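S.K.: Residue numbers (UniProt numbering), protein chains in the order written: chain U, 1 to 319; chain F, 1 to 319.
One should not assume that every hint holds.
Identical copies look the same in the list; a pair holds intra-copy or inter-copy alike.
List time: in silico SDA-like cross-link candidates among lysine to any residue, alpha-carbon distance up to 20 Å [claimed, not checked]:
#  : residue 1 : residue 2
1  : 196       : 234
2  : 196       : 273
3  : 196       : 232
4  : 196       : 311
5  : 196       : 233
6  : 73        : 91
7  : 196       : 312
8  : 196       : 171
9  : 283       : 297
10 : 73        : 129
11 : 196       : 310
12 : 283       : 125
13 : 57        : 115
14 : 283       : 300
15 : 73        : 168
16 : 73        : 29
17 : 196       : 206
Keep in mind that the hints were calculated from the coordinates and are not lab data.
For clarity, every value in this text was computed on a predicted model and none was experimentally measured.
Protein chains: 2
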Amino acid sequence: MSHHTAGIDILVSEVGPRDGLQSIPSIMPTEAKKAWISAAADAGLREIEVGSFVPAKLLPQLADTAEIVAHAKTIPGLTVAVLVPNARGAEAAIAAGADKITLPLSVSETHSLANLRRTHEQVIDEAVSIAGLIRAQPANHRPHFEGSLSTVFGCTLEGAIPDAQIARLAAALMDAGCDEVGLSDTTGYADPSAVKRLITLVRNVVGDAALTGIHLHNTRGLGLANALAALEAGLTTLDSSLGGIGGCPFAPGASGNIVTEDLVFMLEAMGLRTGIDIERLLKVREIVSAALPDEDMYGFLPDAGLPLGFAPPKQMEYV
Amino acid sequence: MSHHTAGIDILVSEVGPRDGLQSIPSIMPTEAKKAWISAAADAGLREIEVGSFVPAKLLPQLADTAEIVAHAKTIPGLTVAVLVPNARGAEAAIAAGADKITLPLSVSETHSLANLRRTHEQVIDEAVSIAGLIRAQPANHRPHFEGSLSTVFGCTLEGAIPDAQIARLAAALMDAGCDEVGLSDTTGYADPSAVKRLITLVRNVVGDAALTGIHLHNTRGLGLANALAALEAGLTTLDSSLGGIGGCPFAPGASGNIVTEDLVFMLEAMGLRTGIDIERLLKVREIVSAALPDEDMYGFLPDAGLPLGFAPPKQMEYV
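Could you put together the complete structure from these sequences and hints?
M.R.: What follows is the structure, encoded as structure tokens:
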């Protein structure tokens, strides 16, 4: 969870510059990424996952992540998040000054080997090393450390993952020194019941305060219904991607993040404050589509527009 | 609500042959409509809105509704529903043998005048006449009569409609002799909070048993999230359209029914029994797309396919 959530009910964490850009063949110019991040922050986004510290030969789309972090760090009040696959990536993330570091751990070991080329035990060892690196920083320079349980709603290679395995890995991440864990529907297999069930399962292991966020895909159209289920279960951080770009390049057929524009519309319409100005958010699309002329952008709200006279109820309690 | 809901938790009411076909320029051949309805029933759908008794010059796409009703009535266990704009339409529906008659009443009077060319008072008068026609039938030939509150989540012409006006019109429909009322998000303005709020509002007026169904659009991407909210509020009948075709031709920019395939996937994944075989349902698309080569069909599940090893939990309680 972000450190900058004053005055908002739900933190929308924009993952487009990382999850979106890593999943498409086009490489966005560094200046366009900076313009995107600045415009998104201007529209009110408080947390942006700006890149990933992975070898440039694996993901050339994100080779400029250090420069992007440095730019994002100049924006007041923005939580600058990055993904890292291992301790080496975390070292670079800390050096660059990231506020939040996420290490994915695929609860499917088959997917873990395919995606991170590591067994569960090896990923947990990396988590231990990362926690050590963070503890070695001065107290006011320690990034928040999240372990993200990916393929937690099922894997395109293994199918369903046993609850006991998920619980064991959630506990192992916390024991390794993570500040919290997150849930990730890498494959778009989640449904609202499964979302609620797994939130309960993992919270019973790590405690309520150590599970606040979820990363959902819209692969089978249930993305916003799953987001609603997560809200109802008490989560307060939801990942999404502008224009819905991105997904997971190592889980075939699993593309499609939930669309930031549609998610923010749902939340604001429900009277949940995001701090985001929808009209300004819609304008951010122009920056992204101009810089990625060969990529499709998705979203229903951008096509349909806001309802006539739309004004979100102020601080209305969600019923 | 259908009379044929034994063994299922949620009734998915397919409205594609009516709402879908009335909203597109192509006219589907009568034989294709019959094949669609038969295949949908074979896949397990228990209620299908097969047409509308409106003048052929207004909706030539539905001019064969009497013949379609006659065909649908040969299918055992199927509730054959139709829409009517007035008592003349209801007379034709009764003569054809429809099991369920729905009269839309737009809670926005501006939209009512544009859509049905009638004031609220005139529509209520039609409801009184229709109830009289139904009462005059032998007891075992009386169709179920629903008054559908359309534009209830807001109107593209008027914006938000006052609660008191909605409550008054719901009561007036019941007083006129409707068996139940339904809610219809004609314009795609609904959000999950509004869904729950309006269900409570209308149930407080008509009683829980007289509001069981909702008609949602996916105009702004919230269709399935709104469906989830409706389920959680206790509704048991959800309208949807195969391939998401259709919407409201008289509410500009309001196209897009929720997609039957995606809805059924969500419900079954949640352990809610629909009685519908998803694999067979997906095959019904081939009939529709072959008969409507110029129309787009939507849906995420049809593109992504079922999750690996997908088997809905049996009679699992929704958490």
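S.K.: Determine for every hint whether it applies to the structure shown.
M.R.: Cross-check of the supplied hints:
no., hint, result
1, 196 <-> 234, "both (9 Å within a copy, 18 Å between copies)"
2, 196 <-> 273, "between (22 Å within a copy, 19 Å between copies)"
3, 196 <-> 232, "both (8 Å within a copy, 13 Å between copies)"
4, 196 <-> 311, "between (30 Å within a copy, 18 Å between copies)"
5, 196 <-> 233, "both (6 Å within a copy, 17 Å between copies)"
6, 73 <-> 91, "within (17 Å within a copy, 70 Å between copies)"
7, 196 <-> 312, "between (26 Å within a copy, 16 Å between copies)"
8, 196 <-> 171, "within (19 Å within a copy, 36 Å between copies)"
9, 283 <-> 297, "within (13 Å within a copy, 29 Å between copies)"
10, 73 <-> 129, "neither (25 Å within a copy, 69 Å between copies)"
11, 196 <-> 310, "between (30 Å within a copy, 18 Å between copies)"
12, 283 <-> 125, "neither (43 Å within a copy, 48 Å between copies)"
13, 57 <-> 115, "within (15 Å within a copy, 59 Å between copies)"
14, 283 <-> 300, "within (15 Å within a copy, 26 Å between copies)"
15, 73 <-> 168, "neither (35 Å within a copy, 55 Å between copies)"
16, 73 <-> 29, "within (19 Å within a copy, 61 Å between copies)"
17, 196 <-> 206, "within (15 Å within a copy, 32 Å between copies)"
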